[in-house]
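**Q** So you can see what is in the structure, the chains are spelled out below.
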Amino acid sequence: MLLPAFEYARPQSVEEALAELGRHRNARVIAGGQTLLNALKLRVAQPDVLVDVSRLEELRAISADADGGLRIGAAVTYDELAGSPLVREHHPVTAAMSARLVDRQVRARGTVGGNVCLADPTSNFPPLLVALGASLSVDGPDGSREVAADAFFLAPYVTAVLPGELLVEVRLPPLAPGERVGYESLQLGTDSWALARASVLVRSNGAIEHARVVLGCGPVPVRQPAMEAALRGAATAESVEAAAELAGEDFEPPTDVHASSEYRRAMGKVMATRAVLAATREDA
Amino acid sequence: MADSAHPITVIVNGETHERTVLARQLLVHLLRDSLALKGTHIGCDSGNCGACTVVCDGRAIKSCMMLAVQADGRSIETVESLSGPLEAPDPLQAAFTRHHALQCGYCTPGMLMAAKTLLAENPRPTQDEVRHAIKGNVCRCTGYVNIVRAIQDAAGTLE
Amino acid sequence: MSTPRHLDTWTPPAAAARWTGLELPRKEDLRLLKGQGTYADDLWMHRMGYVHFVRSPHPHARILDVDTSRAERVPGVYATLTGDEVRRLSDRYTQLAPEPGGRVKDYCLAVDKVRFAGEPVAAVLAESRELARDAGALVEVDYEPLPFVLDAVDGAERGRPQVHTEVGSNVGWHGVFDFGDVDWAVKAADHVVRIPHLHFHRFTSAPLECNAALVHWDPGTGNIELQSNNQMPQFAAMLIAPALGVRTDQLKFKAQDIGGAFGIKLTTYTYLTALALLSRKANRPAKWTEYRSEHLAASAHGNERTFRDIEVPVMADGEILGYRAAAYDDVGAFMRYEPLGAAIWSQVMPGCYRFKHMRVDYRSVFTNKCPVGPNRGYSRLQHLWLVERIVDLVADELGFDPVELRRRNYVPADAFPYTTPNGCVYDSGDYHRMLDRALELIDYDGARELQRDAHGTGKRIGIGIGSTLDSGTNNFGQARIVNKHLPFSGNGEAAICKLDLYGEINVALGTVPQGQSHETTTAQVIADALGVTPDEVLVQPGHDSARNSYTGFSGTYASQFAVTGIGAALGAAERLRADIVRVAACVLECPDEEIVLVRGTASVEGDEDRALTFAEISNLVYANIGALPPDVADTVTLNHRYVYRPPFEVPDWKSKAGNLALTYASQVHACVVEVDEQTGQVRILDYAAVDECGTPINPQIVEGQVHGAAAHGVAAALQETLEYDERGQLLNATFWDYKVLTAPDTPMFKTDNLPCPSPFTPTGSKGMGEGGGAPLHSICGALQDALRGTGAVVTDTHNPPERVWRLLRTPPEARVHGVESVSRKPAP
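Residue numbers (the working numbering), protein chains in the order written: chain Z, 1 to 284; chain B, 285 to 443; chain S, 444 to 1271.
To give a feel for the contact side, a few chain B residues facing chain Z, derived at Cβ under 7 Å: (1) Asp329; (2) Arg343; (3) Ala344.
To be clear, the hints were calculated from the coordinates, so they are not data collected in a lab. Yeah, the Cβ is synthetic: ideal placement off N, Cα and C, and Gly gets one too.
All chains, please: the whole structure from these sequences, using the hints.
**A** What follows is the structure, given as structure tokens:
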């Protein structure tokens, strides 16, 4: 419940934030703190300095590109995502997911950047971003770089953001005509964290032309190329289910007090099926 | 590991307070210890129970999941702002009493503040919307049924 | 200016002759709604220090050394405490168990050995919470890990690592409860259903407020002031006083508002003892507020119980003759209220049924896990679940309808008061009517149709019934069943009712409420007794052992307040009433019998102008003392203490028979669940809870208790469990992993209340509130129903998605816990 001692800085710009991060060997970024504060309470993180970026206007904007792609500032909260007319129009599944994350108190403060940079295996955004083919803009002392979501999540709690760097923006590519997103989670309790999760991006026209399938709840979000290949041409629920049998064979979900690895793997397939079906439903 | 101390100005229940806080102090401890506002409660170690819920700049937040220093410049409302000890209860509080929506009272301040923000955003919520809105507020006594009824009654949507 | 009276916003229905039975809004509410309650962590004393406990990481280990020197050197650390000091400064706690279980050496900190992960080993008192915690990390403890036991059935065998070597085995208590002739019944029955194994899991009601206390050992008076949220202070006093070598009247307990307790805040006398020692050592008040992770790992758990080798003799027409079973109760590392649970379950030995032949071979077994405490439904829950599982599995195995089988075997309404084979007297009830009503509320026929229509859709519908009892007002003579030397019998609760200087009616209870609305319900009953409004009755909030009166059994637990607490308050009010009448009769010059109490006055019946107000009466007794004639002044005090004693005899410790509880509230629940065949997830589609608790004093408060108990049951059935890994570590030690039930997952329970007044209690009310765990029974039944045809057997109280998923997929050959039957006649 109590936090360890640390110093706190609230820089007034991204530039100042980077300078602050560069000054300390063991600095961490805090925005909403909805998961970081727990890590501190549990003493699994012991930073020297917390650099608070939650009020940086540069990180709080949501804008749309001409092609319908979205740029979301890293310090945008789940509430802001859920309520943004731009997100609701261009990425409705993302908005809907944000509107149901955890509870209203967390949604008021938690940020997409925090969610993404924490890279907890059960977090909501990582598998969705990988499925969408999103990219993440990281600023550092040597300038800016884009990292594809596929290459961003390296291990539980480890991302491509290096010490001294700051995630500034999440970019969601536009959905092409006929492309829809599916997102299904097996949760222990409503709006709670998940045992298994699948996020898909599907382009279909009667039959599936192309799909990106991502399973969450493994150490990192994992694309499922075998299932993706098998989905091409699928036009019935049975064929989707059959394709899903190929999902999750290549990673070992954990066994813990809530579920066994075997169950999680089986549920990964079920969630993948349901996510694809949700993304291809006529009425959606 | 060094502590850093920070001067903050925070408006709590309409009153402006200037304090110096350690970086690691949580908002809930500032409220309870430094400002002697004991109505906001602590029920867990991990930000799950919602007993510490207060309103910050119009939004319900868990005060154990915010650093006191992050409240600098912000406006906080706690349960004590709903009605003073000698005043009549406000309509939401009166609805809670009508429907027996509290037993031990420990979750109640957090519930009230969460409900207040719900009704500010959505003045006529459905039963389902109410149940989801208080998802972040754990109660171990009432089974939630009467709390949902009370909030709907306050909103005029109880059938 | 006075605090606004709650009645300003509520108008009682017209023509209400009595306050009892009305849905009066609560007196407690205003302060709690405004955040003006006073809970234990809200308290502060000058010079106080904060306490942090250093805890064992091992489930079982020898303590080789505890070095507090680095902690003590930190500026701002006031004192530390170790097990060695505790052993020198205090005596081991009195054990309730007889030999050999009673040889256990239990202290407030681990002495020589640690016996569960989380057990406190040392304590630090420092000037701030943070400092106490940080200094605690500097305490160095050297352990030699030892082998440990985590399973009660296995742990009861010979040759296992012993939790307490003094005892000689891990069996802390053993007894056989044998009534009727079940061996004959098994031979004579048409069918015998065998159930190899059933398991009731470990969970906790987890009150939202954790344990907390501010303890001050006053160096001047030697009194120990304990401001804490302990829910049974006199039981704590009886254990703490001998341990510390003080008088029980030196222990001053105070509590105002308590954030729920549910039996989990009963065995905290160990922590209070440590705080007292720290306070004396440092000459400062010592404040401790438990963290949630400490609460889950190291306060108290509910009893975990495994039933084995269950055999049920059944006649062809569905009459269940009884059962025999072995029970292993996993009590954790210490028995701190146990082994009372070893007798208490027998209050409901046949459940709601007319079984005549029953035998239970019962063992309380130590394991290297958190000690258990009397969690809501204490010990009866576990047994009632066994009985309901038996009924459902008999139905399943022999092809009976579970509804009809219950109707066939329930105690019928005309049989009350009903004496069970072990001598317990069920005071009143009507289980058949309650079952009918529960089924009506869930539209049973419609649910069966829904079930049929669901075939082949990937979802299965199940309907389950949970019949249960909430036995209340314990006969503490039952303690002699577990230990014939325990000097306990009967029950008693105390209350004081008086008029104050200006005639104000003042009540102080022996109870320690944690949300059960005692201020309100007491005021309703006293208002009726004295002819006033509840607003004119001040019931002192909380508990203060210096102000209130108490017996050894005072507290709030075990579903008894409506009988014992109210009984005491009423008894005191009646004596006060007699005083008021005597004074009025004397002044108004008429016989006592002609005085009536109406609207706050004592007046002559039929001549209301001849009246005295309570203020005038008080004046004559307190300030105008010379004005009354001696024969009245000598006999009137306006201040009465009354102890309500239910009519109990001491049970026979040899046969274990006796009337062990005064009242038997009951609940019949019905639920409709939907099971997702692909995932095993369970969704409750409909839920009805019908309860009966005698004459309700405040129906809205009764319903609130029903909701709360039902929520706890649903939570345990589907989400909440306390599990240890193979290293003896608790895996659910935060609210991340102990998945407490939230609002969207709690059904909006449908309820109804069918009162059957108790013939044995002052008001016809029965104690209620614990609930009897009916959702555990009904959800297991519904799952069994949903899985019909798969051959799967629901053997556990806890059924999260993966367990249900596995039940749906276990091939018949792999079924370990299969039920089977031996039949002498074909099933219908």
